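Peer 1: Residue numbering for the sequence shown follows our numbering, starting at 1 and increasing by one per position.
Just so you know, the hints here were simulated from the structure itself, not pulled from any lab data.
Treat the hints with care, as some may be off.
[Said to hold, decoys possible] With a straight-line cut-off of 30 Å between C-alpha atoms, the simulated DSSO-like cross-links for lysine-lysine are:
id	residue 1	residue 2
1	Lys83	Lys47
2	Lys47	Lys106
3	Lys95	Lys47
4	Lys83	Lys95
5	Lys13	Lys83
6	Lys13	Lys47
7	Lys83	Lys106
8	Lys106	Lys95
[As the list claims (entries may be wrong)] Computed Cβ-Cβ distance ranges for the label pairs, DEER-style:
id	residue 1	residue 2	range
9	Asp84	Ala17	38 to 46 Å
10	Ala27	Val93	19 to 27 Å
11	Phe110	Gly10	32 to 40 Å
12	Leu76	Gly42	18 to 26 Å
13	Ser99	Gly38	39 to 47 Å
14	Asp104	Val45	34 to 42 Å
15	Ala91	Asp5	36 to 44 Å
16	Val93	Thr39	26 to 34 Å
17	Ser98	Ala17	36 to 44 Å
18	Leu101	Thr39	30 to 38 Å
19	Gly42	Asp5	16 to 24 Å
20	Leu7	Asp104	35 to 43 Å
21	Ser98	Ala37	40 to 48 Å
22	Phe94	Ala17	20 to 28 Å
This one's a predicted model, so the numbers in the text were calculated from it and none came from an experiment.
We put the CB at the ideal spot given by N, CA and C, even for glycine.
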Amino acid sequence: HFSQDRLREGNGKYIYAAAAEAEDAPALLSYDGDWVAGTKEGYGVQKYRDGGVYEGFFSAGLRHGQGTMRYSNGDLYSGAWTKDRKHGHGAYVFKEPSSQLVGDWKDNEFV
1 HFSQDRLREG NGKYIYAAAA EAEDAPALLS YDGDWVAGTK EGYGVQKYRD GGVYEGFFSA
61 GLRHGQGTMR YSNGDLYSGA WTKDRKHGHG AYVFKEPSSQ LVGDWKDNEF V
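Let the sequences and hints guide you as you build the complete structure.
Peer 2: In structure tokens:
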């Protein structure tokens, strides 16, 4: 769906056009979720070209609020995000070695 200004609006899927093989291809593969005035806003699923997947909330086009990021290496972070960074309470689970960090994060760092 598009607004009168031709901006994405409502719920929908966007697939990024750049070829995966191109060196300058964007890291993003697709986004399926809520749009407001052409920006990711609300709940959505964002897939990355390296196989990673983020499922959760967005604000102003960035991961913001509660969400889960499954990294391409098998690691997982589930918790709070602020402006695209781990921030607040969350858990990071390492695939190898099988261990985890649970607690508070500030600006992508475990504190």
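Peer 1: Can you give the numbers of the hints that this structure goes against, from lowest to highest?
Peer 2: 9, 14 and 22
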